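Here the sequence shown stands for residues 1 to 126, numbered as in the numbering used here.
Hint data in this document are derived by calculation from the structure and do not stem from the laboratory. One or more hints might be untrue.
Unchecked claim - With beta-carbon atoms standing in for the labels, derived distance ranges:
(1) Ala112 x Glu46: 29 to 37 Å
(2) Ala118 x Pro49: 22 to 30 Å
(3) Val50 x Pro12: 14 to 22 Å
These numbers were taken from a predicted model, which means no experiment stands behind them. All C-beta atoms, glycine included, are put in the ideal place defined by N, C-alpha and C.
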Amino acid sequence: MGSLGVSRTGWPVVAWIRLRLRERPTPLSLVAGVAPPVVPPLDILETNPVPTDPRKRVFAYEEEHGSWVLRLVWDADEPELLEAEFRSPRYGVRPSSEEVRAFWGEVRRLTAPIGPLAVDGADPRP
1 MGSLGVSRTG
11 WPVVAWIRLR
21 LRERPTPLSL
31 VAGVAPPVVP
41 PLDILETNPV
51 PTDPRKRVFA
61 YEEEHGSWVL
71 RLVWDADEPE
81 LLEAEFRSPR
91 YGVRPSSEEV
101 RAFWGEVRRL
111 TAPIGPLAVD
121 GADPRP
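Generate coordinates for the entire structure from the input sequences, incorporating the hints supplied.
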């Protein structure tokens, strides 16, 4: 899973979850012209530019949890997916079972406003 945008920490992704969002109604434009702006699925997501492609519309949120960072990423080009990353300053070392459970719990807490979501993919699974 390639990471989008720029993480504030620059730490590697040690674990990730890809969640499938529920289908949202398409915005209705009452006048001809430019499409309405993209609205991310969570209010906490902020614009996160992709330096290699300024046309991409990526939104992200980062939250520190001691020795690791939780990063949520939503790409407007794939509006049905929301990705969560477990970032930590370790290379080649897997997170412990406790850390994975804490990561999943925090992802559930942050995505609670949009309801339970189906897991499309994950590494590692709890």
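### Query
Do Ala118 and Pro49 keep their Cβ atoms within the hinted range of 22 to 30 Å?
holds, 29 Å
### Query
Does the Cβ pair Val50, Pro12 satisfy 14 to 22 Å?
holds, 18 Å
#### Entry: Beta-carbon spacing of Ala112 to Glu46 - inside the hinted bounds 29 to 37 Å or not
With a Cβ separation near 19 Å, Ala112 and Glu46 fall outside 29 to 37 Å, so the hint is violated.
Violated hint for the displayed structure: number 1, the only one.
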